[in-house]
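Heads up: take any position in the sequence shown, counting from 1, add 1, and you land on this note's numbering.
Rather than coming from a laboratory, the hints here were simulated on the basis of the structure.
Beta carbons: idealized from backbone N, C-alpha and C, even for Gly.
It cannot be assumed that every hint is accurate.
[Said to hold, decoys possible] Taking lysine to any residue and the SDA-like style, the derived pairs with C-alpha atoms no more than 25 angstroms apart in a straight line are:
no. : residue 1 : residue 2
1   : Lys159    : Lys40
2   : Lys40     : Arg74
3   : Lys40     : Gly184
4   : Lys118    : Arg74
5   : Lys159    : Ile58
6   : Lys110    : Ala142
7   : Lys40     : Leu138
8   : Lys122    : Ala71
9   : Lys90     : Glu195
10  : Lys92     : Lys122
11  : Lys159    : Tyr99
12  : Lys90     : Glu169
13  : Lys83     : Ser33
14  : Lys83     : His135
15  : Lys110    : Glu169
16  : Lys90     : Gly151
17  : Lys40     : Ala72
18  : Lys159    : Val127
[Unchecked claim] The calculated label-pair distances, taken between Cβ atoms and stated as ranges, are:
no. : residue 1 : residue 2 : range
19  : Pro85     : Glu47     : 13 to 23 angstroms
20  : Gly184    : Lys118    : 24 to 34 angstroms
21  : Ala180    : Asp112    : 38 to 48 angstroms
22  : Gly184    : Glu32     : 17 to 27 angstroms
23  : Gly93     : Pro69     : 32 to 42 angstroms
24  : Pro52     : Trp149    : 17 to 27 angstroms
25  : Leu62     : Ala39     : 32 to 42 angstroms
26  : Leu62     : Ala160    : 20 to 30 angstroms
27  : Gly93     : Ser192    : 40 to 50 angstroms
28  : Val31     : Ala181    : 37 to 47 angstroms
29  : Val193    : Gly151    : 25 to 35 angstroms
30  : Ser192    : Pro163    : 22 to 32 angstroms
31  : Val127    : Asp161    : 20 to 30 angstroms
32  : Val31     : Gly93     : 43 to 53 angstroms
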Amino acid sequence: MKKTFWEKISDISHLHKRAAFSDLPAQETVESVFQSLAKSRYSCREFRDTPLTEQQIGHILEAARLAPTAANRQPVHVWVVKSPEALGKLKGATDYTYGAPVVFMVGAKSDAAWVRKYDGKNGAEVDAAIVGTHIMLEASALGLGNVWVGSFDPARIKADFPETEGYEIVCLFPVGVAAAGAGPLHARRQSVEEFASEI
Numbered sequence: 002m003k004k005t006f007w008e009k010i011s012d013i014s015h016l017h018k019r020a021a022f023s024d025l026p027a028q029e030t031v032e033s034v035f036q037s038l039a040k041s042r043y044s045c046r047e048f049r050d051t052p053l054t055e056q057q058i059g060h061i062l063e064a065a066r067l068a069p070t071a072a073n074r075q076p077v078h079v080w081v082v083k084s085p086e087a088l089g090k091l092k093g094a095t096d097y098t099y100g101a102p103v104v105f106m107v108g109a110k111s112d113a114a115w116v117r118k119y120d121g122k123n124g125a126e127v128d129a130a131i132v133g134t135h136i137m138l139e140a141s142a143l144g145l146g147n148v149w150v151g152s153f154d155p156a157r158i159k160a161d162f163p164e165t166e167g168y169e170i171v172c173l174f175p176v177g178v179a180a181a182g183a184g185p186l187h188a189r190r191q192s193v194e195e196f197a198s199e200i
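Make a model of the complete structure from these sequences and hints.
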């Protein structure tokens, strides 16, 4: 049966609605993949002695290498501490390796960094922190436990690891297969109203 003009117009209108999904019920906002990762990542303070594979280490280093730095200066170096001898030396500088099979040590080189012209603020430490964040999130994406460690003796590291000459060690990241879950403070966060404001 041949459709009338008005029936054809109605069909076109319906097609436009379908194309815009405007005839579908409103859906709740879905959490992004990144938000899900950020929410599930926690500071792990107990690791199994399972070694990391070279592929896992490679993925973490590549994520760190791709981290943005001011003016793309990349004034950062990462040392992968994994031999029993090196891990033993590192334990002399910090009590917080938590038995991890690998510790990523991130250093910043201030004389290679971008400097803010208005007040002379050096960006090296910020750049190292961005690299460290990439290390944590990539390790979590690989299903590995990790923790940011800022409590260490920098003079002891400098003495025991001459390779770090010229760099300030900013952070350490024990990484491995988690043997413990999140601590009691993990989910404690300010509300978005407290945390952020519009101006």
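> Checking against the hints above, which ones are violated?
Replying inline: 1, 2, 6, 9, 10, 13, 17, 20, 25, 28 and 30
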